[in-house]
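Chemist: The chain contents come next:
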Amino acid sequence: MTALTPGPRTEQSAAEDARDESGPRRDATGGRGGWRALLVQPALVALGVLAFVLWRSTVTLSDTEARQLGAATLWDSTLRHLALTVVAAAIVLAVAIPLGIALTRPALRRLTPAVIGIANVGQAAPAIGLFVLLAIWLDFGFWTTVLALVLYSALPVLRNTMVGLQGVDARLVEAGRGMGMSGFAVLRRVELPLAVPVILAGARTALVLLVGTATLATFIGGGGLGVLINTGITLSLNSLLISGAALVALLALAIDWLGRVVEHVARPKGL
Amino acid sequence: MSDTLPAPSTPAAPERKVSGVPIRLEGVTKRYSGQDRPAVDSVSLDIAAGETVMFVGPSGCGKTTLLKMINRLIEPSDGRIHLGDEDVTSQDPDQLRRRIGYVIQAGGLFPHMTVGTNVGMVPRMLGWEKQRVTERIDELLDLVGLDPDVYRDRYPKELSGGQQQRVGVARALAADPPVLLMDEPFGAVDPITRQRLQDELIRIQLELGKTIVFVTHDFDEAVKLGDKIVIFDVGARIVQYDTPEAILAEPAEEYVADFVGAGATLKQLTLTRVNSLELRQVTTASVGDDAAEAVARARAAGDDFVVVLDKRGRPISWPTLAEVSRMSTVPPTVDERLPVVGLGATLNDALDTMLAASQGGVVVLGRRDGMAGVVSIEAIMEAIQRTRQETAG
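Chains A and B supply the protein sequences, listed in that same order. Position one of the first sequence corresponds to residue 1 (our numbering), numbered consecutively onward. Position one of the second sequence corresponds to residue 1 (our numbering), numbered consecutively onward.
Since the hints were derived computationally from the structure, they do not count as laboratory data. Here a beta-carbon is modelled for each residue, glycine too, at the ideal position from N, C-alpha and C. Watch out, some of these pointers could steer you wrong.
Pulled from the structure, derived: some chain A residues nowhere near chain B, Cβ distances all over 12 Å [said to hold, decoys possible]:
| no. | residue |
| --- | --- |
| 1 | Val40 |
| 2 | Ala102 |
| 3 | Val173 |
| 4 | Gly183 |
| 5 | Ala201 |
| 6 | Val261 |
Pair by pair, the computed Cβ-Cβ distance ranges are [said to hold, decoys possible]:
| no. | chain 1 | residue 1 | chain 2 | residue 2 | range |
| --- | --- | --- | --- | --- | --- |
| 7 | B | Ala48 | A | Ala114 | 50 to 58 Å |
| 8 | B | Gln105 | A | Trp75 | 58 to 66 Å |
| 9 | B | Asp227 | A | Pro106 | 34 to 42 Å |
| 10 | B | Gln359 | A | Gly183 | 50 to 58 Å |
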């Protein structure tokens, strides 16, 4: 983007010229500032992990504590926790985004209140109740946990997909149709790209929600970092309780950061 | 592709280039369920190839609905629509719309695509080769007066409102459609920019000869741009369909007279165009020319100023001879306040521009913003006098 070449006598008003110049400049600074903000969060996470490792290697622990906080056990719990989160998130995205798209099409628009109502119930119900009821109904274990997590976190993605699509200027849709794009082409080339920031924000909210809620998996045999917290509470071992909570928080922060990076990269240029 | 110098063409000449096709509406009707009166009630209308027809009427009269039924963004409940000798009423609407340019307010540009991508949209949908699309984008940006090298890779938000609107027009023309539908395209820009865009459209239309249907609520705009004007009442009832001159001279009903307004005699100013005056040819010089030589030429021609042209042949300033003789070469300075109008501008526009710039004349732009000549305030006063006498006599 070069500076304006002087001259082409196209527009005369000074106001317009001023706007011409402000465009590119604003872009450049906005981009750089965005990246700088993105560097703070991982630094905090790294500091947190470092602090935990330091504490773990210097403190003296009882046998039970040492077993629970052993490197291998911790690693397994963390991976299990991540697996729950990622699998549930993948299912949520695969279901809620297409559903959100479908519900904003004219033909299905009237179903919107019903579906949003169901999703609201999923989120409004106490998470622990949802987990336990599903476990009693189905079975204990990984997949029941995943199902509970999906029900619990579908709403933000669904709602943001719909809000994002509804937020696209109707005139742009009309311009697209008016130049001969099919309804699907307008969706793919205009509506979805413009809704991406809002949809991704919903996905990030859901992910963070999932990391936190997955701690409840321990109650229905789903494993994860919740085990640490639960054991800590049952045996009154604060070291376990606090370690578990801190690790979940760090994981949530890390995932939130990843989400922000994706949002930053996927954000369409020119907005 | 820069045209060197003014070929003050004779735009009013009868043999106009026509690349449009006629449009024929037969009993076109739109009923919405739950409304007892149709929004558009059995409209029949013939639009000749290459003409610009303006749809005017109060808001809610159905003029926009009628426009959108031509490209079937709104499906007619009844009636037939013909483009050329083709009945397009039941053609696949997506295919149909790729052959009809469509311009809406503020251009309707896709904000996440560059100017070039926006313009190349329809040609790509039609499966043109990449090379051809690229060439076409540059050609069109040039046509609407935007330097392709500067604007091709910009995003719409980096453009002013007027520039966005130009890109909107370029995009609509991309696949060279015979018909152009424009839905209040210049409604959202300031008056000066609007006048420039109107001039530009007149110039482009002279070059291309499309069939244009243009919806506006501004009667002055209709008079300025239209070969014909259709005045609608509620239900898209056609009250009068005629040339601007005829409508101003003989409004068909009181309704039209009210709509046209009391200033109808002054509106004659809007009817007379700069290109009907005799343009004064003045001395021009290109940036970097020898200053002394330019001054000598101007003296010989009896001019007391020269018009400086940039390398694309567009006027950028008009320094006096005294100013030029102080330099060794003709300076590249751009005079932001240089008053310019298009050939299609009305006397009204020309006067406005002079007053805004506090100058006694304006530079008239011809093809591709090249110079066509200069009009002075005296020439305009004279033309007004003449019209007065004619109307009086």
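Chemist: Say whether it holds or is violated: Val40 of chain A keeps its Cβ farther than 12 Å from all Cβ of chain B.
Modeler: Non-interface label stands for Val40 of chain A: nearest chain B Cβ at 28 Å, farther than 12 Å.
Chemist: Can the suggested window of 50 to 58 Å be confirmed for the beta-carbon pair Gln359 of chain B and Gly183 of chain A?
Modeler: 52 Å, holds
Chemist: Within 58 to 66 Å or not, the Cβ separation of Gln105 of chain B and Trp75 of chain A?
Modeler: 59 Å, holds
Chemist: CB of Asp227 of chain B to CB of Pro106 of chain A, is that within 34 to 42 Å?
Modeler: 38 Å, holds
Chemist: A range of 50 to 58 Å was offered for this pair. Does it hold for the Cβ distance of Ala48 of chain B and Ala114 of chain A?
Modeler: 53 Å, holds
Chemist: Using Cβ atoms and 12 Å as the threshold, tell me whether Gly183 of chain A really stays out of contact range of chain B.
Modeler: Given a closest Cβ separation of 9 Å, the condition is violated.
Chemist: Is the nearest CB of chain B more than 12 Å from the CB of Val261 of chain A?
Modeler: It holds; Val261 of chain A is separated from chain B by about 19 Å at its closest Cβ, greater than 12 Å.
Chemist: Per the stated criterion, does the least C-beta distance between Ala102 of chain A and chain B lie above 12 Å, as a non-interface residue requires?
Modeler: Ala102 of chain A clear of chain B: closest Cβ-Cβ about 21 Å, beyond 12 Å.
Chemist: So Val173 of chain A supposedly isn't at the interface. Is its beta-carbon more than 12 Å from every beta-carbon in chain B?
Modeler: Nearest chain B Cβ is 9 Å from Val173 of chain A, so the label is violated.
Chemist: Are all beta-carbon distances from Ala201 of chain A to chain B longer than 12 Å?
Modeler: 17 Å, holds
Against the hints set out earlier in the document, violations occur for numbers 3 and 4.
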